[in-house]
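> Fit chain to chain and form the complex, with the hints in mind.
Chains H and F, in that order, give the protein sequences.
Quick note: the first sequence uses our numbering, first residue 215, plus one each step.
Quick note: the second sequence uses our numbering, first residue 8, plus one each step.
Think of the hints as simulated: they come from the structure by calculation, not from any bench.
Remember, predicted model here, so these are calculated numbers, not experimental data.
Treat the hints with care, as some may be off.
[Claimed, not checked] Listed below are the simulated DSBU-like cross-link pairs for lysine-lysine, each with C-alpha atoms no more than 35 Å apart in a straight line: (1) H/K239 with F/K24; (2) H/K236 with F/K850; (3) F/K635 with F/K330.
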Amino acid sequence: MKASPPVTTALLQGTLDVLILKVLKLEPLHGLAISRRIAQVTGGTFQVKPGSLFPALHRMEEAGWLNSNWGESENSRRAKFYRLTKAGQFQLKEETDQWTRISAAMASALETA
Amino acid sequence: MPLWHWLKTLARNLARKQTVEDDLNAEIRSYEQMLVDERVRAGADPSAARHEALLELGGAAQIQEGVRDVRLGATLQAVGTELRQSLRGLRRNPGLTTLGIVMLALGMGASTVVFSIFYAALVQPLPFRDAGRVVELTETRQERGINQASFTEANFWDVRAQNHSFEEIGAYHYDEANLTGRGPAEKVTASFVSAGFFRALGVSPVLGRDFSYDEGGAGSADRVVILGHRFWKTRLGGDPNILGETLRLNDKACTVVGVLPPGEPWINDQLYVPFAYRANADRGSWEFGVVGRLARGVTAEAARSDLQGIAASLARAYPKDDKGIGFHMDPSSTWVASDNTRRALWVLLGAVTFLLLIACLNIANLLLARGMARQREIAVRTALGAGRARLVRFVMMESLLLSGFGAAFGLGLAYTALRAIQALAISGIPRLADASLNPSVLGFAALIALLTGVLSGLAPALQAPARHIAAALRDRDRQTGSRGQGRLRTVLVTGEVALSFLLLVGAGLLIRSFTQLTSVNPGFQTENRLLFSVSLPNFYSRNGAGKQFLDRLFERLSTVPEVVAAGAVSHRPVEGGDPGMAIDSSSGEQGAARLAAPWAGWRFVTPGYFRAVGLRLIRGRTFDENDKPIWGEPGQPAPLRRVVISERLAKRIFPNVDPVGKHAVLWKGQGNLDAEVIGVMADSRERGLGSSASFTVYLPYGPNVLPGEFVVHTRGNPLALMPTVRSIVASLDSNLPVADVRSFEEVLQRSVAPQRFNAILLGIFSGLALLLATTGLYGVLSYSMSRRTSEIGLRVALGANSRSILGMAIGQGMRPALMGIALGAVGAWWLSRYFATLLFGVKPFDILTYAAVAALLLATALLACYLPGRRAMRVDPAVALRIE
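Pulled out of the complex, with its shape left as it was, chain F reads as follows (with noise of 0.2 Å):
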């Protein structure tokens, strides 16, 4: 019954309003006339009290709008009514309804775009069940300064078998093979796993089933592959039937047995065999990523301290190889972003909320600027009794339509920025490619429509209801608009001056370090170079095949015309990966002194690689056909092993003296192997332009160390040898696949492409920052002029001229402009400390990049006050003053 009741109530309400209204009206006259019988039985006479039950009723109007208000359904009416009249409101002024649109839509489409990557980066979690108990394990030696260190094939097995605190551990070694037999060959990612490495991430097949733990050993006769999601959805187009087919790697068939499903970290490979525990497993060589899977209920504290235990064991057992050995645990939150790109995305994140906070600000400041037109408007409302309420409703209303228009364009505009940025496929930013509008980023960017619509409106709906009714409605015009807010729109177009120079610093300091990484001197030279991969399989090794490769294949290219110089390396600079060993002199005295052996890189190369790098000799000789490998034949004797290393390595080993043919210890704590130096080479940043240059030690390579990566030095574009170079090695091995072809300077650029990519980005926020406050200061000033045309007109008058006008014009303008980047000079500096670590050869307070914004912010806002100055200098003062 009272359900029914409501709902009648409401229909009527709604549907039979104008018979509501009148039956309310006749009420209140019937009231009205009651009240006048009353006095008149008291004795006044008629039109006195008329008058005095005039004055008992109250306003009919309001009392009307009274009931109105309280009336079931009456909110839901009333907005219905005011959406309209906004919406015919915003038509009515279509220049500003469409400049609030594109400024918000910008804001708001960059603030989705960020935060769909962001998202994707650091809030979506991990493709793995429970991933709270997933941890990754690395190995320590604290004593030698090592910190994380992959883990040993034989630590990892014993470490397995000891612990008693983990449900499964599993270890994971890249690799990559040569996929032959479907189409032309092929390098592909084919990492081994141990049989338990995705039931220690929570990870199951989508398709077949994981690994069983007897395979992969060296008694199973069968090879079996698990296929990566990617590769099986484009290389093998997602075949539904793939399980029990077998792919061809490294010549040797294997059967496929499942499949991945999609996700990264460790399970984004293309491939994945398995490898079994063996009793004579290396305990020497740091090669295994291994991750852990805590057993329920088992703390991080009581798994630390249970490898603790291990480790102690592992050293008393080892003392060769594992003297001080530790472990150390993280947790798998750790795994999708490193620090710096966690503060990189936070940074763009709180850039674009700037940019944003900006676009509030000028939309706050555009209808201010109209509800000091509407002021009339706004008075008649609330002489027609609209409360207060009802008012800041009404002038809301409009501010949420500009930015629910602006949000559904922000999003058009979020997908196609988000598409192109994926396009770029800037390497760097975590799961970029996983970014999409999802429920949640949908979720956030509603979100973001809302709180801008209330921000924006809420400083014209606090300043809507008119205080002084009578005094607006006899305002005529324009001289409406109290003091108060004017003060009000100078102190948003502050707000939006000093949040532009945030922005504009936070952007310069990071163009300023992107230049000063671009112009690094890496120490090898990359024009004109080119880069592929080849990877012998393992029989190339056997009885000299993959040397009478590399010298056939060094020949071949010394006979193009375009080739200046050819060499192989086994890991590429920049992006090849950096295997290193402690290295000292070996004449113990100097060393005493020392507490650790520096860590080196170590790279293996043949003789025409210098040259073909362009790395300079310093000292010594670089290696000749000569140089033996520094691992001998099995059954011969030790070879004299013979270095090359770093200028940087030489002077930390042997300051003071000539290095050359002084002797080291290579793997020194490892496998002591004693070499002599036969030269010295400039210094590289083999780890990239961020990292500073490395210590490097060169060995030469020989029939059992083959390099794979190959450096061409070429006359003219590098990648226009591509197609000379791959049909030389299809003639001299059709199954092998040449691979990541770049030239060496796409290689530099993707190595900073996420520097690139903060930096463009950032740029263009605050060259949007830039605009909308010049477009704010801009408008505030030519309103404020517009309004004292008839004082100017006076001043002309009385004599004036035009340049203390002007003067007086940009004086007004510029003390928001100069309050703006004093506040933004003072923010920045406080901010800025959370941004240094993504700075590169820059100061956070680099005084350079605060005075160049300083210098850009002032001159633009000159010009915004020009504008206006210049009309004002230009007003007539007959025709100013005629319009009071």
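Next comes chain H alone, as it looks inside the complex (with noise of 0.2 Å):
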């Protein structure tokens, strides 16, 4: 994340928006679980480190997408869990919509191009 190149950095934002709510979408979780988790569904291709994930997710939870309450591990540690809201799981739905119309777009552009 951090070595891209600044010009795709607004792109990446909504991706990891994106990313946090889908994952969020199964179960709550705990931060250090949704970037594993997101590495994970990703084949590896988003490492998301804490200096954005932390942001992203105090923004998100102020914006009123997740909320966050105080929990256990499953190794017993004292950990942050966020789950999503009803207007987290409207606004996965929009950035769904939104990522498929756009990778549509994308797709069908690269190939007759």
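Now the structure itself:
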């Protein structure tokens, strides 16, 4: 992530949001688990560093898409878990639609070109 | 719900900051712990696991900062904190803070004053409804070279009746009247206007009504008057019940029917009386200003061609008076300021902009210098996670605070200065009295404060983020500050010197042209001359009463021991108006070769006038009591007309011959009066010092042509004679007001007041600029010398003598000064073309001025370099080397 050229930052930020929403749709997760799950679902393409993850989580929480509370991790550590709110689910649907449209458009553009 | 959520979050972030931070901290710790767990589970030993975990995590501080930056209200909070920090920083550096605020206050005060004057004169809209449709009309006689002349009364009524383009056309004729019955007799302006005049302008009385179209005619029994706003306010105390009261004007009772709103031009006279159409109106005498209001949808072009058609038909109908007549139309936007005034105000505005820019550069310089000293602090902030944007904001905040304080003090200064300038009541700056710190001006001040803050903070802010944190943290003291910063500061100082050069050249040129202007020989003598005016009402021209009055007045004056000579003229020089006529020699053969008869101003004078005003007779004789006025008494045969003409005019129409005894044609093409030239008078600058010597024709006064402007040559202070003059006039007729009392010198001074104002203002601005640039130069050099203390110590230890050290210091300091002077000279040369029309007797590229300015700048720069240089010279090598 960090090594990406700055030109793509805006795009990647949007990507990060939708990925976080996506992985939280299945179950509430803590920060590290979110990071690992994203790496997993994207086949290792996105390695989310805490420096990007934390601001994103807090921003999304303030936007009302997520809420959080402290709980216990799988290894009995105290950890903060994030879960999707109603607004977050709506947002995920919006963004998924948008991404589908964009990726379809990009795919067709790149094929025909 | 979202709003509620938003507010809740914001409140939490702002109010329970510590809890929020603790929570975040705990979250990061837990993340870190889980990372370690993960590694350990993968088989790493605990200490390696911790190390790897920390690497992956990155800096906890940076993460916290990143989260803080996205938090709601983050900017607000940060700005609040930074504001407090900046204020503390400014308080810690009272010297720098005071200096900065003073510089900015001066710069912004000056800008605000100039802008408020500029705004009132050029930007503020005219006080007329829909002013875009209002135009001024003038007559022309292109074939005689007359591009703009007033209207004649008859032509005005004809254009008004025949046009198809105007909603209304109104005419204005300046006049004065004696107001009696309210305190001592007083001369007031009581101009004649046609009934539609105010409607054409688009002005409605604030009290009462406008004139009706039947008022002012010969048949109407009631005399009515409309009051100017200022006259109503000051002279009548703003009496709301003034309507219906009577004022005695020239001994005739007039009923007040309305009060005008305030404003300029056209509506700022004291009183207005109506005049109506009359069939026998004069077609030969150009006396009326005419304004028109274009009908809706009529373009200026259409109106012009309409007027052209009217001109053609007038020329056919009245070949004697209207041969070659045309009309000229000007939009109302040209009314307030003449081209030169406009230009002068632009120059002043440009000058304050430069001054403000210099102040900005200086502040930037100071902040840069301090920024270097603060390198460590900034490095620490960076290490603690402050991002670039935040650092820039932090540095910017200081300069914005400085400019904010500067603006506040500047406004105070501006208020005082504007009051002082208005108290001087400089004639020639339009609507000066209206200038105020109105919302537009305040908006301008706020804007420049912001711009100044950003501009002066820009360089330091961009320099702020430390590139080499480690190096900056290691460095112990003054050795910080890269070469680049030093160079930047040199560039800033170069800019300051260059801008100062521009201002100094501007000021120098204006001062030079002002001294040229005031050293011009006006032709007449102004020393110990008293001017006053007494206008004799119409009945004085009957039965020789007026001539009798003048005779007795001069007789009484001649018995006063302080009086050397006394005389009277119809139009006082310099400020008295300049009616003219076409004149030529009556022998056609010389005139035939010439294109047009010259246009000459005419004055009628009493025989004593020339001596009183100090004009020298060159040839022939002056008037005596036997010379009769050129206009004969009704029913009498035409008199033998005699005139005196000015030297330049004599040379023009009687080249190579003695003009005395020759005959000339007066009002050529209009009245064609034949007159004998009996004398030639020295030239004088009747239209003021800035104009060339006038062509003048002097005509003798008489019982029906009574001059009202008096000139008395006195021994000693002319104004001291006034009580005597007043009592003499009052003893002859207590209803006659004595007005416009001035010494001739004052008249002359007033006529060049705008030029003096510009020169003084630009002088002050350039003085400040010089001061600022010198401080800047001094600051940069002394800083750089103190940085090089150890180097200098080493040089001294190695045997450099103090002379060479001084030379080195001065050499380094003078480089930006010389560069600045060179750049400034080029800039001044380039800008001076816009300046040319403001100058008198000086070329825009005046070598003397440029050289003097360069010398002045060099001298002050040397001084500014010498002080730090001397300090460097005295560096003790032992002490200097120990500093390391």
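> Hint by hint, note whether the structure agrees.
Hints, verified against the model:
1. H/K239 with F/K24: The hint holds at about 30 Å.
2. H/K236 with F/K850: violated, 78 Å
3. F/K635 with F/K330: OK: F/K635 and F/K330 at ~31 Å, within 35 Å.
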